[in-house]
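Enquirer: Following the hints, complete the assembly by docking chain B onto the known chain A.
Protein sequences appear in the order of chains A and B. First residue of the first sequence: 1, per the numbering used here; consecutive thereafter. First residue of the second sequence: 477, per the numbering used here; consecutive thereafter.
It is possible that some hints are incorrect.
[As the list claims (entries may be wrong)] Below, in silico cross-link-like pairs of lysine-lysine (DSSO-like), each with a Cα-Cα straight-line distance of 27 Å or less: (1) A/90 - B/882; (2) A/90 - A/135; (3) B/925 - B/882; (4) B/882 - A/147; (5) A/322 - A/371; (6) B/560 - A/322; (7) A/217 - B/844.
[Stated by the list, open to error] Just a sample of chain B residues kept apart from chain A, beta carbon distances all over 12 Å, derived: (8) 567; (9) 618; (10) 726; (11) 772; (12) 873; (13) 881; (14) 896; (15) 928.
No wet-lab data here; the hints were simulated from the structure. Glycine included, every Cβ here is placed at the ideal spot set by N, Cα and C.
2 protein chains.
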Amino acid sequence: MLSSSSRLQLMAVVSVIILMLSLLYFTNLCNCPGELFSTTPKLRSSLPRNLSLPGQCTCPAGSQLLKNYIPEDEYEDLVQRRAKEFQQYKTRTASVLSRLLFALPNSPLQYPIQGYVVRPLTSTLIPGLGLHAEKRSSYKVTLSVSKGILTTHTPPEEAMVKGSGENKLIIESSSLLTLNDLLAKVSYTSSEYHINTGDLATFQFENDEAVFPIAIKQPQIPVLYDMGTDINSQVTIATKTFLRYKQLRVLVDSIRQFYSNINIIIADDSLEPEKITGENIQHYIMPPAQGWFAGRNLAVSQVTTKYFLWVDDDFLFTEKTKIEKLAEVMEAVPELDVVGASVNGNRFPFALVYEEGEENEGGCLSRKFRKFQPLPGYPQCTVANGVVNFFLARTDAAQRVGFDPKLQRQAHSEFFMDGLGTLLVATCGDVVIGHQPKTADNTVPEYRKFRYPGRSDTEFKLKLHFFKNHLKCIKY
Amino acid sequence: MLSSSSRLQLMAVVSVIILMLSLLYFTNLCNCPGELFSTTPKLRSSLPRNLSLPGQCTCPAGSQLLKNYIPEDEYEDLVQRRAKEFQQYKTRTASVLSRLLFALPNSPLQYPIQGYVVRPLTSTLIPGLGLHAEKRSSYKVTLSVSKGILTTHTPPEEAMVKGSGENKLIIESSSLLTLNDLLAKVSYTSSEYHINTGDLATFQFENDEAVFPIAIKQPQIPVLYDMGTDINSQVTIATKTFLRYKQLRVLVDSIRQFYSNINIIIADDSLEPEKITGENIQHYIMPPAQGWFAGRNLAVSQVTTKYFLWVDDDFLFTEKTKIEKLAEVMEAVPELDVVGASVNGNRFPFALVYEEGEENEGGCLSRKFRKFQPLPGYPQCTVANGVVNFFLARTDAAQRVGFDPKLQRQAHSEFFMDGLGTLLVATCGDVVIGHQPKTADNTVPEYRKFRYPGRSDTEFKLKLHFFKNHLKCIKY
Chain A
1 MLSSSSRLQL
11 MAVVSVIILM
21 LSLLYFTNLC
31 NCPGELFSTT
41 PKLRSSLPRN
51 LSLPGQCTCP
61 AGSQLLKNYI
71 PEDEYEDLVQ
81 RRAKEFQQYK
91 TRTASVLSRL
101 LFALPNSPLQ
111 YPIQGYVVRP
121 LTSTLIPGLG
131 LHAEKRSSYK
141 VTLSVSKGIL
151 TTHTPPEEAM
161 VKGSGENKLI
171 IESSSLLTLN
181 DLLAKVSYTS
191 SEYHINTGDL
201 ATFQFENDEA
211 VFPIAIKQPQ
221 IPVLYDMGTD
231 INSQVTIATK
241 TFLRYKQLRV
251 LVDSIRQFYS
261 NINIIIADDS
271 LEPEKITGEN
281 IQHYIMPPAQ
291 GWFAGRNLAV
301 SQVTTKYFLW
311 VDDDFLFTEK
321 TKIEKLAEVM
331 EAVPELDVVG
341 ASVNGNRFPF
351 ALVYEEGEEN
361 EGGCLSRKFR
371 KFQPLPGYPQ
381 CTVANGVVNF
391 FLARTDAAQR
401 VGFDPKLQRQ
411 AHSEFFMDGL
421 GTLLVATCGD
431 VVIGHQPKTA
441 DNTVPEYRKF
451 RYPGRSDTEF
461 KLKLHFFKNH
471 LKCIKY
Chain B
477 MLSSSSRLQL
487 MAVVSVIILM
497 LSLLYFTNLC
507 NCPGELFSTT
517 PKLRSSLPRN
527 LSLPGQCTCP
537 AGSQLLKNYI
547 PEDEYEDLVQ
557 RRAKEFQQYK
567 TRTASVLSRL
577 LFALPNSPLQ
587 YPIQGYVVRP
597 LTSTLIPGLG
607 LHAEKRSSYK
617 VTLSVSKGIL
627 TTHTPPEEAM
637 VKGSGENKLI
647 IESSSLLTLN
657 DLLAKVSYTS
667 SEYHINTGDL
677 ATFQFENDEA
687 VFPIAIKQPQ
697 IPVLYDMGTD
707 INSQVTIATK
717 TFLRYKQLRV
727 LVDSIRQFYS
737 NINIIIADDS
747 LEPEKITGEN
757 IQHYIMPPAQ
767 GWFAGRNLAV
777 SQVTTKYFLW
787 VDDDFLFTEK
797 TKIEKLAEVM
807 EAVPELDVVG
817 ASVNGNRFPF
827 ALVYEEGEEN
837 EGGCLSRKFR
847 KFQPLPGYPQ
857 CTVANGVVNF
867 FLARTDAAQR
877 VGFDPKLQRQ
887 AHSEFFMDGL
897 GTLLVATCGD
907 VVIGHQPKTA
917 DNTVPEYRKF
927 RYPGRSDTEF
937 KLKLHFFKNH
947 LKCIKY
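Bound conformation, chain A alone (with noise of 0.2 Å):
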């Protein structure tokens, strides 16, 4: 039995043992600064602010230096003017959609990280907002935007809303279940009309910060093609002439064989132009030579069917050129965009190797022979940068990429080097066409001249090259 000094002892240590607890109870709950027990770290571990420049990138040995082709009195002005457009083109394609962001840890803040993509001037409710920290009395957040104005709705009597209808937003309450319900219900409104954008939004809670993403799009029209019931309407053959009607017409009467009704789109800049007659044949004079690409650009210009097959004038159909082999691997992968196949055995794919480089220097490009995978269900096809000049495409994706007109001469890999990033390229060994023969008696004079420049269109080229492109040495 304890004595009542005993007593009083045993009273006064328990007490002190409840208010130790109570102190430590509280304690962990305030988060109070210098707290005995610090139980979750908020170590913020440097963090990258951005993705690093690339920097220089290494021409491979035999990779010829663009710059040797421009002449020195050229040189300081051609650079100068290469930057300018080289700017304007990070402004076109660089946004805060670009920017390295991080989500932070133990942070009580929920939010939107990917997908949160608003029509611009219209209201959306922000989703998934949400503040889940430890009990206090009073909680408060702030939201805050740059290209925007953030909008809630009014708060009932246990909380306080400022800046509805502005760029910042504060909401604050002593109840987190009010809070949340208010956070629930804030809406973005982007300020301006813009296409393709983004703003970023800064969420705040105490000593945590979050960062989130917000895209602004204006939704695209879907522009769609009638697939129609046969090849016909599916199809249309391209192709460009210059003085070569002979091989034209074995080409045009080799297709017909085959091909009875399809649509054929000739681009002719022949010195001087003769008529092609026949159904369902559409051809188009050009200025005398006026170019390669610059035919090319015109016939698929002029295409009206989801998908176009890229020949040459001097190519053959033959009972193993069926294009319907080839809408069959486009139409089974979606993502598609060109579809290389056989002259005569000869596939040509080849993969570009392309590295940005210094911002000043430029980049550096290699052509090499390689392919990647095969499309999954058609082993027979491979994934690759480029093909061979036979080939369907997609319409609407070749159109986007071009073939440029300042190519007159000799030119191919070029609509592939536009093209990369853009256009899923693939080739199929299954179908196959035929090469009609390059023999003296098939080819008038002046051809040769025109089809074999020589240097000077080599150096046009890596001159165009060196601007154009934005590049500082290719690899062929």
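Expert: Using the frame of chain A, we list chain B on its own:
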């Protein structure tokens, strides 16, 4: 002075206090279930999994209901084909990078939420991965991906790594520092070559899980235009002509009055083509009456300068037709694609109000005569969705949208409809072109037949919009 028994009692009580305090300390730190002082609530409010699919749209009064223009016997097949094309279109445009994702609260995980972009098939460090958990004897995290593999460095003795080189990586360590060091060295490599796709990474520690996006992109080679040193190397004038050689020649003469060397491209589908002569004029002959937009698409396909100025063949240059002013606006606002001007006071700026609508029914589109905000620095210029047929345009942007060659007769807004969300358009009031008078003796009789084709052409276009633009109704 305490007696020995009291001292003993005191020591016992103090020991109990210490024991209880230690218990509390470790309870908080070990996050054991059913802990006495549950401090950090891990509520996960029900988060939306996807952005809700758009519902039916409402056709404003006065809309054309497009299905009414489809012959009954064609309707079923047409709708089926349209649905199939629309599904393909969704496949081409959607990816995991559109999915709604959230950062959950009170998670010890740190990870990138935007900006982590990798090249296909290329090992790239994942920035900002970290675990900031409370003290434990051992820590174990799991990272998993779908379209690639994860790797990290060989672990030191106090850690274990499982699955490096596979799609699921487990890192375990008794030291948080070591674990975070290994996390800082984790790289992702996509398994297949693709030009534009994404993967989702799942990052997990005990009860916490985060999902973050990985953008997989083939970098594109820039395509820049050399602006050269004067207006002739910056702008090409483009036009289309049909049975109006008189007006065309007046137009060309008026151009030469103010711009003696600028390049003029003429697409000509007249029934009996005539020769157009002159320096810096490119004249293209099309199949007779091939069509209005086919001609426009042709002309644009031949432009080699950064910009082209669209003019109709019956316009008239005056001293107020200052192309340089429009070029200045385009250069100052690099995101702009089209800048319209004034045809004798007529600027025709309009907005396109578009709702995607329900998947099977199609969208709702209205054209309204309104504009958006002025351009910064150019108060005489305002953003819109479409303008009058006198404008300066970026050649690459216009080509990316294209003028649909199926539109043979009447058409104008269709270019801006196809370009909605792709072209940033503005209208400026200070550049004016004249219009040659539309008098009886100015027009050949056949011209009116083609230019004002009547109801059949309107019905053709409405039927076309139904399929091509996946629309339910249009209101002009």
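Enquirer: Look at each hint and say if it fits the structure.
Expert: Here's how the hints hold up against the structure:
Proximity of residue 90 of chain A to residue 882 of chain B is assessed by CA-CA distance (about 35 Å); at most 27 Å being required, the pair is judged violated. Distance restraint check for residue 90 of chain A and residue 135 of chain A: the Cα-Cα separation of roughly 47 Å exceeds the 27 Å cut-off, and the hinted pair is therefore not satisfied. Under the criterion of a C-alpha separation no larger than 27 Å, the hint pairing residue 925 of chain B with residue 882 of chain B is consistent with the structure, at around 18 Å. This hinted pair does not check out: residue 882 of chain B and residue 147 of chain A have alpha carbons roughly 40 Å apart, beyond 27 Å.
Distance hint between residue 322 of chain A and residue 371 of chain A is fulfilled; the C-alpha atoms sit about 23 Å from each other, no more than 27 Å. With a C-alpha separation of about 23 Å, the suggested pairing of residue 560 of chain B with residue 322 of chain A holds against the 27 Å cut-off. The hinted pair formed by residue 217 of chain A and residue 844 of chain B meets the criterion: a straight-line CA distance of about 19 Å does not exceed 27 Å. For residue 567 of chain B, the condition that its CB be more than 12 Å from all CB atoms of chain A is violated, with the nearest at approximately 5 Å.
With a least beta-carbon separation of about 16 Å from chain A, residue 618 of chain B lies farther than 12 Å from that chain, consistent with its non-interface assignment. For residue 726 of chain B, the shortest C-beta to C-beta distance to chain A comes to about 22 Å, beyond the 12 Å cut-off, and the non-interface label holds. With a least CB separation of 9 Å from chain A, residue 772 of chain B falls inside the 12 Å interface cut-off, contrary to its annotation. Interface exclusion of residue 873 of chain B from chain A breaks down, the closest Cβ pair being 9 Å apart, not more than 12 Å.
Look at residue 881 of chain B: its CB is around 5 Å from the nearest CB on chain A, not clear of 12 Å, so calling it non-interface is violated. Its beta-carbon lying about 5 Å from the closest one in chain A, residue 896 of chain B breaks the requirement of being farther than 12 Å from that chain. The claim that residue 928 of chain B is not at the interface with chain A holds, since no C-beta of that chain comes within 12 Å of its own (minimum 23 Å).
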